[in-house]
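Chains U and B supply the protein sequences, listed in that same order.
Everything in the first sequence is counted per the working numbering, starting at 1 for the first residue and increasing by one.
Everything in the second sequence is counted per the working numbering, starting at 116 for the first residue and increasing by one.
Treat the hints as calculated values from the structure; they're not laboratory data.
Keep in mind the model is a prediction, meaning the values are calculated, not measured.
Careful, some of the hints might be misleading.
Unchecked claim - Heads up, simulated BS3-like pairs for lysine-lysine below, C-alpha to C-alpha not over 27 Å straight-line: (1) 56/U to 68/U; (2) 124/B to 68/U; (3) 68/U to 54/U; (4) 56/U to 38/U; (5) 5/U to 68/U; (6) 54/U to 71/U; (7) 56/U to 124/B; (8) 172/B to 56/U; (9) 5/U to 38/U; (10) 71/U to 38/U; (11) 38/U to 68/U; (12) 71/U to 172/B.
One letter stands for each residue in the lines below.
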Amino acid sequence: DQQVKQNSPSLSVQEGRISILNCDYTNSMFDYFLWYKKYPAEGPTFLISISSIKDKNEDGRFTVFLNKSAKHLSLHIVPSQPGDSAVYFCAASARGGGATNKLIFGTGTLLAVQP
Amino acid sequence: DSGVTQTPKHLITATGQRVTLRCSPRSGDLSVYWYQQSLDQGLQFLIQYYNGEERAKGNILERFSAQQFPDLHSELNLSSLELGDSALYFCASSVYGGRQETQYFGPGTRLLVL
């Protein structure tokens, strides 16, 4: 049972344009969401996070939007650069269940930014 | 560089063997997490430690065990290895392992079981 879903396995965007990566979740107990970027042969690198008390968080070229009613979040990258080409993972953690902060990950979206 | 280190980077072994993966968290972080990424699955949470104590368990097999030492480094022990254990194993750390903390990941150990 996949609680965090990234339905697009891949996305191709032109340099300078906007990249929009999507993520859906099913567990209403999730209250903290993160995006990680991963290059081959490296570990996931933290990009940006958002708490469920917000609907938007910005950090430079990266903005995450959270729509709780739709159980949907998205990562916008503007402008996209060739160095952004990587696999992007959406992750979530749930309130309740003790003090743990274990993350549930989506399956990732491969972003290719074309020069 | 996240500040989380993992050794070894690559490991090749045979079925039935036992291996130990090592992780050093970022300076100041008290909590360590282990995740497994196999070809057909995304990143799956295995286990979390906080200051030497187990805090949470995920889908960790009974053949696998972990511990966190007084110097806060952690080891993941995998025994009676099977072909299906071939995967990337990532360690992550955070300050207190509490709610809504960002986890920072190491570069991973690629395990190949032949």
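How the hints compare with the structure:
Between residue 56/U and residue 68/U, the direct Cα distance comes to roughly 11 Å. Compliance with the 27 Å bound is thereby established for this hinted pair. Of the pairs offered as hints, the one joining residue 124/B and residue 68/U is violated, with about 39 Å between alpha carbons and a cut-off of 27 Å exceeded. A C-alpha spacing of about 9 Å is found between residue 68/U and residue 54/U, which places the hinted pair at or below 27 Å, so the restraint holds. Restraint check: the Cα-Cα separation between residue 56/U and residue 38/U comes to about 23 Å, which is no more than 27 Å; the hinted pair holds.
Among the hinted pairs, residue 5/U with residue 68/U is consistent with the structure: their alpha-carbon atoms are about 15 Å apart, no more than 27 Å. Using a Cα cut-off of 27 Å, the hinted pair residue 54/U and residue 71/U holds, with the two alpha carbons roughly 13 Å apart. In summary, the hint linking residue 56/U to residue 124/B is not supported, as the alpha carbons are separated by about 37 Å, beyond the 27 Å threshold. Our distance criterion of 27 Å between C-alpha atoms is broken by residue 172/B and residue 56/U, whose separation comes to about 31 Å.
Taking the CA atoms of residue 5/U and residue 38/U, the gap is near 17 Å; set against the 27 Å cutoff, the hint holds. Pair hint residue 71/U plus residue 38/U holds up; C-alpha atoms about 24 Å apart against a cutoff of 27 Å. Distance restraint check for residue 38/U and residue 68/U: the Cα-Cα separation of roughly 26 Å lies within the 27 Å cut-off, and the hinted pair is therefore satisfied. Taking the CA atoms of residue 71/U and residue 172/B, the gap is near 26 Å; set against the 27 Å cutoff, the hint holds.
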